[in-house]
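From first to last, the protein sequence lines are chains F and A.
Heads up: the first sequence begins at 1 in this note's numbering, then just goes up one per residue.
Heads up: the second sequence begins at 1001 in this note's numbering, then just goes up one per residue.
Calculated directly from the structure, the hints in this document are not laboratory data.
A portion of the hints provided could be inaccurate.
Chain A is faced by these chain F residues, among others (derived, beta-carbon under 10 Å) [said to hold, decoys possible]:
#	residue
1	44
2	46
3	48
4	51
5	94
6	141
7	145
8	146
9	175
10	304
11	345
In this text, a Cβ means the ideal position worked out from N, Cα and C, and glycines have one as well.
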Amino acid sequence: MQPPAVHHGAMFDTDELVINMGPQHPSTHGVLRVVLRLDGEKVVNADVVIGYLHRGIEKLSENRNWTQIILLTDRMDYVAAATSNVGYCETVEKLLSLEVPRRARYVRTILCELQRIASHCLWIGTHAMDIGAMTVFLYAFRERELILDLFEEYCGARLTYNSMRIGGLPLEIPPGWDKKVLEFCKIMDSKIDEYETLLTHNRIWLERTKGVGVIGGPEAVALGMCGPALRGSGVPRDVRKDEPYAAYDEMEFDVPIGTAGDTYDRYLVRIEEFRQSLRIIRQATQGIPEGPIVGKVPRLIKPPAGETYHAIESPKGELGYFIVSDGKSTNPYRFRVRPPSFCNLQALPRLVRGHLVADVVALIGSIDIVLGEVDR
Amino acid sequence: MAEAPKVPEKKVAPPSGPPDPPPPADKAPPAFVATLQAALPGAVVATSYWVGDWTIIAEASRILDVATHLRDGSDAAFDMCSDVTATDWPPRAERFDVVYMLYSTRHRHRIRVKVKVGEHQPHASVSGIWPAANWFEREIYDMFGVNFTGHPDRRRILMPDDWQGFPQRKDYPLEGPGELLMENPLDWLRLKQARDQADIE
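Assemble the whole structure, with the sequences as input and the hints as a guide.
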């Protein structure tokens, strides 16, 4: 078999083998291609090839009006669409210097945290399945279904919600919805323990994740890693705490951090994030203030000329939007997304170096990427 | 026959650059900006403040000095390069703005550094200072064609390797590549304009 073409065009030593993983590999979580240079079964280097899902969302957004962009943001991180919506809407609100009603900020917080749990459910299911634990996948998708039902009741969609508007939310929450959310929290509490029973002290799981892909805090920061992948290395960086948005400044929660910076610690951080998310949802649901759900928004949105960068904490990490308005037209002059998966994926070659081929799969799962967001 | 009704077309002149409003008189820039100005005289062209964000507009030729100072200075300590991106302002001679979004995990503050870069002008890569900038700069090269120098791995990242043209530029058509476009985007644009003209007549 011919080895696949490598972009460098470099000559490799004869005792090194180049193998191609993806883009149709089931555990690359989409269309990711990794070209691995192997010495025996050890990875010498990896080259990450992306772009298979590039749809030009940035270019497209520069030709649509401000409201039409919200549904494009759904299509980036499609397993956590609500957080992408929040990030975009808040950036435009910042450009417009718009006040969002407190009630809307609370509901946004609830939706964001539900979304974080749904995204982490998908992560734990697929990550464990990649490593070989099939059961967790079935368990986690059972709970994810409950969250999707809650979203369906709120906005009618199960995956791409289009659930935010500039200045607030499109819909009032349905009657009794908050009770259902609290009920879900109660169910979820015991389910997290269930996942932990299956994995946390499992010998095989420990063997496969402990000491795999160790990265120190300063190095992870320099590589631009973010979110749970960075916190697993012991850096207490969480946009919800450092630069609060929505109603996070009124919520009480902890930011879990790891110590070793390996795959196991990144797993523990996300497991603890499940619990912290439930804590936030409980506080927010019990404290939803009365009032309007959408602020005073002009019919034609036309922010004054200027530019801004605004970041939020998506389930994968720091999701930033850099938007430039020229003040004349009804579409943004420049629309840029800083996708967290993109930055975490950049660290993959550094993480896999020196590990076995089988660990590559564990590490791709451990940094939790969504290719829709990487490629935009 | 009377003259065909003109298709109403709101043509606004393309903006020639960002407004970059200067900070209001009662707003003092963060302390590290003054330190930077003192350490590297002439490197900072202007400062700007808009909706709560501070921006330093720096001299493009001195970006490496500015970046190193911002990373290593104890009052700045910008150890994280959150994002690097570009904006295209075609009427301007130096048409690109390369924008660096920096964050400090120690002091928990942000700054935006902006430089003006011409179309063929070589621009130093900061990937030696923040490894995170590696892919960001590859994306800028891919989308805008900014000529980065000293980059360890300057390839296209999102578009295919043999792609012609730079999709995020303002003069690149949205409708996507026709056969002709693959060879020369400008021919394609001229053809499209001629077709539009024919439709109106």
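Hint-by-hint comparison with the structure:
1. Evaluation of the residue 44 of chain F hint against chain A yields a violated restraint, the C-beta minimum of about 16 Å exceeding 10 Å.
2. Because the smallest distance between the Cβ of residue 46 of chain F and any Cβ of chain A comes to about 13 Å, over 10 Å, the interface hint for this residue is violated.
3. A hinted interface residue such as residue 48 of chain F counts as satisfied when its beta carbon comes closer than 10 Å to some beta carbon of chain A; here the least separation is about 9 Å, so the hint holds.
4. Taken as an interface hint, residue 51 of chain F checks out: its beta carbon lies about 4 Å from the nearest beta carbon of chain A, inside 10 Å.
5. A least Cβ separation of about 5 Å between residue 94 of chain F and chain A falls short of the 10 Å threshold, and the interface hint therefore holds.
6. Annotation: residue 141 of chain F was flagged as interfacial toward chain A, and the flag is violated, the nearest CB pair being 31 Å apart, outside 10 Å.
7. Hint status for residue 145 of chain F relative to chain A: violated, with the closest Cβ pair at about 33 Å, above 10 Å.
8. Given hint, residue 146 of chain F at the interface with chain A, is violated; its Cβ is 34 Å from that chain's nearest Cβ, farther than 10 Å.
9. Checking residue 175 of chain F against chain A by beta carbon gives a least distance of about 37 Å; that is not within 10 Å, so the hint is violated.
10. A least Cβ separation of about 9 Å between residue 304 of chain F and chain A falls short of the 10 Å threshold, and the interface hint therefore holds.
11. A least Cβ separation of about 8 Å between residue 345 of chain F and chain A falls short of the 10 Å threshold, and the interface hint therefore holds.
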